[in-house]
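Colleague: Listed below, chain by chain, are the residues.
2 protein chains.
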Amino acid sequence: MPDVCSPRLLIETLAVGDELLRGETLDSNASYLQAALLRAGLRVARGAIVPDDEDTLASELSRAADRANVVVVSGGLGPTVDDRTAAAAARAFGRTLVCDEASLERMRGLFASRGYPFTPNNEKPAWVPNGARVIENPVGSAPAFVLDTGRAQLYFLPGVPREYRVLADRVVVPEIAALREGVVARALVLHTIGTTESRVDQLLRGVDFGDVRLSTRVDGPETNVILVAEGSTAGAAEDALARAATHAREALGPLVYGEGDATLASTLGEALAARGVTIAVAESCTGGLVSAAITDVPGASRYFSCGVVAYANDAKTAMCDVPPELIKNHGAVSEAVVRALARGIRARCGTDVGVGVTGIAGPTGATDDKPVGLVHFAAIAGVREVHRRVVFPPGRERVRKFAARVALAVALESLRSGDEPSERPHERAGDLARAARMGPPEPSGETP
Amino acid sequence: MPDVCSPRLLIETLAVGDELLRGETLDSNASYLQAALLRAGLRVARGAIVPDDEDTLASELSRAADRANVVVVSGGLGPTVDDRTAAAAARAFGRTLVCDEASLERMRGLFASRGYPFTPNNEKPAWVPNGARVIENPVGSAPAFVLDTGRAQLYFLPGVPREYRVLADRVVVPEIAALREGVVARALVLHTIGTTESRVDQLLRGVDFGDVRLSTRVDGPETNVILVAEGSTAGAAEDALARAATHAREALGPLVYGEGDATLASTLGEALAARGVTIAVAESCTGGLVSAAITDVPGASRYFSCGVVAYANDAKTAMCDVPPELIKNHGAVSEAVVRALARGIRARCGTDVGVGVTGIAGPTGATDDKPVGLVHFAAIAGVREVHRRVVFPPGRERVRKFAARVALAVALESLRSGDEPSERPHERAGDLARAARMGPPEPSGETP
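Protein chains in written order, with the numbering used here: chain A, 47 to 494; chain B, 47 to 494.
Keep in mind that the hints are not guaranteed to be accurate.
Copies of the same chain look alike in the list, so a pair counts if it fits in one copy or across any two.
[As the list claims (entries may be wrong)] Restricting the straight-line Cα-Cα distance to at most 20 Å, the calculated cross-link-like pairs of lysine to aspartate or glutamate (EDC-like) are: (1) LYS447 - GLU151; (2) LYS374 - GLU151; (3) LYS447 - ASP342; (4) LYS447 - ASP285; (5) LYS374 - ASP112; (6) LYS416 - ASP112; (7) LYS447 - GLU243; (8) LYS447 - GLU70; (9) LYS416 - ASP398; (10) LYS170 - GLU316; (11) LYS170 - GLU182; (12) LYS170 - ASP99.
Don't read these hints as lab results, they were simulated from the structure.
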């Protein structure tokens, strides 16, 4: 991915907590902030994880403040003896700890309203370094705070992800973005499925995006396109972004399935709900992951009727009415059987749309002409049937996960192809297979 | 969790890669190593993530080598221009880069066997700092290497998780463990489900574990017990560990479902396979996650026949033969319906074991007497039926994930209760409900 970000501000993250060093918890806060900053056109230069140790933390804080313009610290703001971040910050920057009366009152009220006793140690989160700007925590008790050392701004946020994320979105990211004087950044992610990253890149290459920076990112069988626009005002940045997004959508056509927070499952759900139709799924190698993805969306009961995980051949016949001779003649992993699964589950459940998936997740089950990773997909909506055959790279977990996403894309295609003429279906099928073969992004090019 | 680890060795991790600073990829390698070291009685003192920048990396490396005894570096060993770790290491420790001929030959052979052209840039991973000990990479092309600065040992591993993990397990963890002269550590994890962490703690409190250190860790609805034994020889450590494990199993009784790498799904799979029986699942609020968990285990087709995600009430009747009047009289989320689901799916699929799950994942669907988070479970094996009712804390994703695991535990219980007399089933049901209400571990006590 080309560098899309301005290097003007040096931003670091510091996560505090023994549990982040014992293999128990991944530091998802830093990753969340990185992604949010990237959407604002900003990049994190460095991240560190340190234990709940006041000495270590104080020296990390002063070093980070020497290096960076902004340091975002998470964790260690709670009431227990393990929570030492405020004390370490006070020591690192030569401050005393003072009690923020407003926070104390707020915490007392919060505890009273929940019927918890307010013991003396609960006062601790209200004690912040002298001169700190306190930020009220709308979803928890411990307040966040900001220290300005003259050279660096240090944000101290709670480590609880729910609290961290709300404060990052509402306070930290907007404030950091505002530090770049006179520049407002806006970003948008377009989600594509059905081709490779290099094909997306190629399709976008001839387009004039002006000053809007563009990058791509592989996410399983999908490729995301990230657009970052900057302007002197929010309006200017938003206008530039909207123009760029329109051009990108024109160039990519039906490869784009959604933008922003959309997922394949939420997009499929919206498409079903908008048409007032229902869906049923018959899956084999994906083992329940297609149904699980569809029902992961709140309110899925409006359109999802039933899923069958027809693992055994008998179950394909008993539960989805696949004729046994079809399995005998073509094998369970075949176009004939996947079409029968989609038709059978639709008829059984009386839904408008039926989806079928059958394949070989591995490690065993391959034959001479059917490799591990071979998966057939079918979706039937109205009179329209879509069939796809993809060979995924081996790896049971990856085959199952990728296939579940491709199944959603095929279901979406069957719905949308009813709305508009299908565009080069053969080329798209080939692209899909190529995209699938690409596999997920690997952190580096260390394998040939 | 009390500190279980000896602080004698100071170990740090350093992950290299721009993608780890853009919110795209979480550094799962460091977390993997942390957990593996913890099992060997060792702890990581600090972790950092740095970009693919030679200057930054060189200064990070020399600072880490000044502070720590062991530094484990991941990423940046590949053939592209972004891969700068070896060059940075050479600069940091005043070495030149030299070509390791054995690695070069191995890579040429690997490329030839896969039919890839060996272009000049592919030589790059064979160039390592002078004096480095090269470690062959059994699952990739780029070799790993170790630098000894006199004060610190620095391990340089590929960032690709599959390669990192193999090298961590086979080389890094055993070598680090051996650095503690005269002390051999062995560790074991016991997995429990069916009660709270505090109850597990209470049950273990009266037991004499000698010098074996013990800690607990909450993992969703499960509580893990970690035992770490040290001795002057491997045999002594293993003997002490085995004695402690026996005592812990005696104290915890049927709460322990497995140890080591066992999961609920693998344990259930083994129990089914050992008895030569088959299983079918009818689930509602879990939306396919129970079937997905069972089929996540390679070879699940030996015992898993079919799953139905009976989301709509009509589907419960049409696919699992739940009498409509049962749903009308008791509601879809009820003991009567969950028992009917388990019996119905077993009869339909002709399996030995049937499992039913129905509940309210939220955010909507609650009634006056049925809150969000209420889930009923049933499992039927032979003539034995188990029913459980649990109210999970709200949160759609958590309810679905926790309920899927509890369903596996209930299925396992139905099988095992055929083998031995059931132990205080009422108490265990209460414990299970309490454990479920506990929710997942939060990183710190920052909310009341």
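Colleague: When the structure is checked against the list of hints, which entries are broken? Sort them ascending.
Modeller: 1, 2, 4, 5, 6, 9 and 10
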